[in-house]
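Engineer: What follows is the residue order along each chain.
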Amino acid sequence: MRIRIRHETTYRYAEPPRTAVQHLRLTPRNHDGQHVVDWRIDVDRDCRLVQSEDAFGNTLHRFSVDGPLESISTVVEGEVTTFDMAGVVSGAVERFPPVLFMRDTPLTTPSAAICDFARETTSKESGTLSKLHALLGAIHESLTFDAAATHSATTAAECFEHRKGVCQDFSHLFIACARGIGAPARYVSGYFLGSDDEDQVAGHAWAEAYVEDLGWVAFDPTHGVAPQENHVRVAVALDYLGAAPIRGAHSGGGGETLDVKVRVARAAAFSQSQSQSQ
Amino acid sequence: MDSRITQFDELAGADGRTRAPYRKLSQWLAETPPELLASRREQAELLFRRIGITFAVYGAQEATERLIPFDILPRILARSEWATLEKGLIQRVTALNAFLADIYGAGEILRAGIVPADLVYRNPAYCPDMAGRRVPFDIYVHIAGVDIVRTDDQGFFVLEDNARTPSGVSYMLENREVMMRLFPELFALHRVAPIENYPDELLGTLRSVAPPRANGDPTVVLMTPGQYNSAFYEHSFLADKLGVELVEGRDLFVRDDVVYMRTTEGPRRVDVIYRRIDDDFLDPLCFRPDSALGVAGLMGAYQAGNVTLANAVGAGAADDKAMYTYMPDIIKFYLGEAPLLQNVPTFRCREQEALAYVLDHLDELVVKEVNGSGGYGMLVGPHATRAQIEEFRAKLKAHPQNFIAQPTLALSTCPIAMASGVAPRHVDLRPFVLQGANGARVVPGGLTRVAMTEKSLVVNSSQGGGTKDTWVIDDAWSAEEAMGQA
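For the protein sequence lines, the chains are A and B, in the order given. Under our numbering, the residues of the first sequence are numbered 1076 to 1353, in order. Under our numbering, the residues of the second sequence are numbered 4 to 489, in order.
No lab work stands behind these hints: they were computed from the structure. Take the hints with a grain of salt, since some may be wrong.
Partial list, derived from the structure: chain B residues whose beta carbon lies under 8 angstroms from chain A [as the list claims (entries may be wrong)]:
#1 Asp-132
#2 Glu-163
#3 Phe-256
#4 Arg-258
#5 Pro-287
#6 Pro-292
#7 Ala-299
#8 Gly-300
#9 Arg-444
Glycine included, every Cβ here is placed at the ideal spot set by N, Cα and C.
Between the sequences and the hints, there should be enough to build the whole structure, so can you do that?
Structural biologist: Here it is, written out as structure tokens:
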């Protein structure tokens, strides 16, 4: 499937900062399940965008700008072709053995309640894959999507206590549970093609867990599905912090507000008209 | 100290005959009236108060600033003893460094199955951001503090490696200064190896690892988390001795992968940062986003090779107490040599059999948390209450991989001068090993830490331990003895 994405992030400041620096993880890479057709990244300030690769092989862009800055706006736009791999992620950049993804992080450390939940949910299943699917279903069932309930620093344990959250929280909980039952797991940030055409207020997040003999398998606990063709994978890490689309800091100024517009649509109309003209 | 075990006193020896390095001190003590010792103790206290050497204690009810107890009697090592120790320390730190270069590089020791991969990759101190990166001159551990104990006059044991930001060197230097003022007559009696050159050696080490663009004239700074850090005194003391700027994160900024320091004359480029701040707080864009102590973009500059951090980010992956147990194998693997300094025999509680043994012998063992430091989260079996033992039993059962256990060592003792007279107390030693592009070295001596309470084995300053000056003296007596026999 061809998916077209436009993602605009604007930081506005009530009091303009002197300088700002940002790290962007906004550029997808190829793997067997996706091919990046074209992709561009634009920052509306004069700056040198330095491209590198982070610890996990994600494409990282960094820049620093001098103020006074009333706002910084970053737009990424491009097209990606996806293929249904039944959730299995192969051919991706792997910098570490799976065991690294057994590390707990402050955002994903399982509480006693999470450990119990993970154990009870998976006790009747045999085999890692079916245990992970049981977790996927159970987390999707027991959590309510609520954008007002959590924030970007909410931990898996806090989210589990309230049983509410957004895709980031669903994913952290899944990761905590998976690691809790001995399966290496990691956080994925990316884009999701929904059934409607409406603008989204954020990118999407899901998780991958490592299954012996299969490799990394994707799970989307927010939608309760294994990603097929509707997910575009951008960055992976131990948790949200490592894969966050934008991490920034500024000196001076304040009163920061954030505005995000994400548009994910099938590029079908485009490709159809092309095929008709041939 | 377990009374069942015979203890080794560094002055009296095993047989009660004064050991050679202590002969002159012992004689001097015998001839010195107790009133003189008492007055020198008071003078020492006054001097330290005037210097203002204090440290903060974490977890204390009120944020207290304390004077570390200082004992006026020197701890003495013979040059020949020191030579063995020095060789062993350099060997150990060389191996620690090779290990770090390997786990952040090719990972050969993991593939060879010498160290379990999960122990490295799941170690919170292992920093994924450092994987596949080179650091200048492949040096990760520029400054190491290796904690050494002895149980007899044969060899030395390593109790712990500190490869992150070991502290205490300011006490080593201050203790010597105070001692030279208090006891000129004792210094006249002995040929004590100097340690005053430590700041020069440290600066030389830091300058040697500067990025090439500094053209041999690098700007070095010392970065502190600030005045609320327990070791702030040391940070300002060292910056002063080194003649470099003491900076906090807010004094630095990064522009296009270059680190600058704000000065009254405008931004000045920084080449080497001796950072006394933990990895987690270095850069809010890479590590803890809530860190107000770090510098946004610092890791980018570091990875671009525009600034050198000492010690390297992620160096803590080598000094973990679980990794400690593999040190003899690590030394053999990289250097092809047998370790010169012994490890204390250690049970890895992650291993089933070891755990079972430890749980059965909690009242005899010292149990340590793998990632704990400074004597926090530690059980000293022979001195623990039943409740403390049970508490640790529960912790061990829940997370065995977080603990190691060691037999209670009969740590050596040294005499200390108290109001009631001279009495032996347990000691350890933290020498400071420097490693730069210009080689590795150790100033002769280190910080001797002493448990001020009778029979106590915990020497950490956070737990009421004190310090002593440490002397490495020429083995002149051997010549004298030889002459006497002739």
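Engineer: So, for every hint listed, does it hold in this structure?
Structural biologist: Hint by hint, here is what the structure shows:
Interface hint status for Asp-132 of chain B: upheld, as the beta-carbon distance to the closest one in chain A is roughly 5 angstroms, under 8 angstroms. Below 8 angstroms, beta-carbon pairs count as interface contacts, and Glu-163 of chain B has none with chain A, the closest being about 23 angstroms; its hint is therefore violated. Of the supplied interface hints, the one on Phe-256 of chain B holds, with its beta-carbon coming within about 7 angstroms of a beta-carbon of chain A, less than 8 angstroms. Taken as an interface hint, Arg-258 of chain B checks out: its beta carbon lies about 6 angstroms from the nearest beta carbon of chain A, inside 8 angstroms.
A distance limit of 8 angstroms between C-beta atoms decides the matter here; for Pro-287 of chain B the minimum to chain A is near 6 angstroms, and the interface restraint holds. For the restraint placing Pro-292 of chain B at the interface with chain A, the shortest Cβ-Cβ distance is roughly 6 angstroms, inside the 8 angstroms limit, so the hint holds. The restraint placing Ala-299 of chain B at the interface with chain A holds, with a minimum CB-CB distance near 3 angstroms, inside the 8 angstroms limit. The criterion of a C-beta within 8 angstroms of any C-beta in chain A is met by Gly-300 of chain B, whose closest approach is roughly 5 angstroms, and the hint holds.
Using the Cβ-Cβ criterion of 8 angstroms, the hint placing Arg-444 of chain B at the interface with chain A is not satisfied: the shortest such distance is roughly 33 angstroms.
The structure fails hints 2 and 9 (numbered hints given earlier, in ascending order).
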